[in-house]
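Fit chain V to the supplied structure of chain H, relying on the hints for placement.
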Amino acid sequence: MKNLIISIMIISLLSITAAFAGEYTATNALSYTITKSVDTADGPVMGLSVEGVWSDSRGNSGTIHCVGTRGKILKAYCNSIDQDGDIQYNTAKRVGTEGKGVFNGGTGKYANVTGGCSYQVAAFDKNNLIGLITLQCSDNLN
Amino acid sequence: MKNFTILLVIILMFITKLVLAEDFSITFANKYSMNGSVETPLGVLKALTIKGVFSDSRGHTGIVNCIATSGKNLDFVCDTKDEDGDISYTSGRREGDGGKAIITGGTGKYANITSQCEYQIASFSKDIMVGLITMQCSTK
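If you read the sequences in order, they're chains H and V. Heads up, the first sequence is in this note's numbering, so the first residue is 1 and it goes up one at a time. Heads up, the second sequence is in this note's numbering, so the first residue is 1 and it goes up one at a time.
Rather than coming from a laboratory, the hints here were simulated on the basis of the structure. Just so it is clear, CB atoms sit at the ideal spot from N, CA and C, and this is done for glycine as well. Careful, some of the hints might be misleading.
[To be verified] No more than 30 Å apart at the CA atoms, straight line, and that leaves these computed lysine-lysine pairs for DSBU-like: (1) H:Lys36 x H:Lys75; (2) H:Lys72 x V:Lys46; (3) H:Lys72 x V:Lys81; (4) V:Lys100 x H:Lys109; (5) V:Lys46 x H:Lys126; (6) V:Lys81 x H:Lys126; (7) H:Lys93 x V:Lys51; (8) V:Lys51 x H:Lys100; (9) H:Lys100 x V:Lys126; (10) H:Lys126 x V:Lys51; (11) H:Lys126 x V:Lys140; (12) V:Lys51 x H:Lys75; (13) V:Lys109 x H:Lys75; (14) V:Lys81 x H:Lys100; (15) V:Lys126 x H:Lys36; (16) H:Lys36 x V:Lys100; (17) H:Lys126 x V:Lys109; (18) V:Lys126 x H:Lys126; (19) V:Lys109 x H:Lys93.
[Stated by the list, open to error] One-sided excerpt, in silico: chain H residues whose CB lies under 8 Å from chain V: (20) Trp54; (21) Gly62; (22) Ala122.
[To be verified] If the Cβ cut is set under 7 Å, some of the chain V residues that face chain H in the computed set are: (23) Thr27; (24) Lys31; (25) Val38; (26) Ala47; (27) Lys51; (28) Gly52; (29) Val53; (30) Ser55; (31) Gly59; (32) Thr61; (33) Ser123; (34) Ile128; (35) Leu132.
Only chain H is shown next, with the shape it has when bound in the complex:
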């Protein structure tokens, strides 16, 4: 009886999680362009333009464009466009090789979608400014 109750509780918890959040992984291939840099009290800050492609574990793929700055912290505003032409707006903040992203709605299926990602720089080439990014995300997309 005790085991049955525990099983029901686990199944209920899993169902609630599935209903309120969709978890998935994604991978980005990004090409970085440094625009200009300025000196600040916290050190030099560079302007960044980032373009790339992505693919996720839900079967979506597309392109991503970001603009941002990189000093001690990397901050960027990004648009991800999927295979249907729907756009997702997100922001990213990274220190070192670990970062966080936040979804802020978008168009089509991404309208009113919120959530976010933890991400890591899996590989990066400073000479050619190419990066491979792995992301673990959660959102309320149905």
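Okay, now just chain V, sitting in the frame of chain H:
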């Protein structure tokens, strides 16, 4: 006794597979540059250079550098350098959204190692010439 023999055979098969073959996967982020083209009897043949980075399921990361020709198929040769400075040599052919590659030796840990691979283009943008490639390999 019969069940024990079957179990023993299964265990031996697993051990043999582990000894003789190692499966691993690699993900590449690549940037493509066009370097010119020529007319051939089979159509236009374009020259490409590919520069990128990789990360594999064995915990290795590094950079990849390729030259390629793109016509009806895409034929390429690459060298990859990992976090230890070890180099591996790869060649292959892409047809459509996927292809086959063979890793044939290299330096350091890759010396005398041969792997057969299949790969897919997970995502590609013609506008920015950036691609995300997933590859599954088996070393024998």
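Going down the list of hints, with the structure as the test:
1. H:Lys36 x H:Lys75: Since the Cα atoms of H:Lys36 and H:Lys75 sit roughly 15 Å apart, the hinted pair holds (cutoff 30 Å).
2. H:Lys72 x V:Lys46: Violated, at about 41 Å.
3. H:Lys72 x V:Lys81: holds, 28 Å
4. V:Lys100 x H:Lys109: violated, 35 Å
5. V:Lys46 x H:Lys126: Distance of about 27 Å is within 30 Å: holds.
6. V:Lys81 x H:Lys126: At roughly 14 Å apart (the allowed maximum being 30 Å), H:Lys126 and V:Lys81 satisfy the hint.
7. H:Lys93 x V:Lys51: Cα-Cα ~26 Å, so holds.
8. V:Lys51 x H:Lys100: holds, 27 Å
9. H:Lys100 x V:Lys126: holds, 28 Å
10. H:Lys126 x V:Lys51: holds, 12 Å
11. H:Lys126 x V:Lys140: violated, 34 Å
12. V:Lys51 x H:Lys75: holds, 25 Å
13. V:Lys109 x H:Lys75: Violated, because 38 Å separates the two Cα atoms, which is more than 30 Å.
14. V:Lys81 x H:Lys100: holds, 29 Å
15. V:Lys126 x H:Lys36: holds, 26 Å
16. H:Lys36 x V:Lys100: violated, 41 Å
17. H:Lys126 x V:Lys109: Answer holds: H:Lys126 to V:Lys109 is near 24 Å, not above 30 Å.
18. V:Lys126 x H:Lys126: Given that 30 Å is the threshold and the Cα spacing comes to 23 Å, the pair holds.
19. V:Lys109 x H:Lys93: Given pair V:Lys109, H:Lys93 is violated - Cα atoms ~36 Å apart, limit 30 Å.
20. Trp54: holds, 6 Å
21. Gly62: holds, 7 Å
22. Ala122: Hint holds; H:Ala122 Cβ to chain V Cβ min 4 Å, cut 8 Å.
23. Thr27: holds, 6 Å
24. Lys31: holds, 5 Å
25. Val38: violated, 26 Å
26. Ala47: violated, 18 Å
27. Lys51: holds, 5 Å
28. Gly52: For V:Gly52, the interface hint holds, since the closest Cβ of chain H sits about 5 Å away, which is under 7 Å.
29. Val53: Holds - the Cβ of V:Val53 comes within 7 Å of chain H, reaching about 4 Å at its closest.
30. Ser55: The hint holds - V:Ser55 has a Cβ within 7 Å of chain H, the shortest such distance being about 4 Å.
31. Gly59: violated, 11 Å
32. Thr61: holds, 4 Å
33. Ser123: holds, 4 Å
34. Ile128: Hint holds; V:Ile128 Cβ to chain H Cβ min 4 Å, cut 7 Å.
35. Leu132: holds, 4 Å
When each numbered hint is compared with the structure, violations occur for hints 2, 4, 11, 13, 16, 19, 25, 26 and 31.
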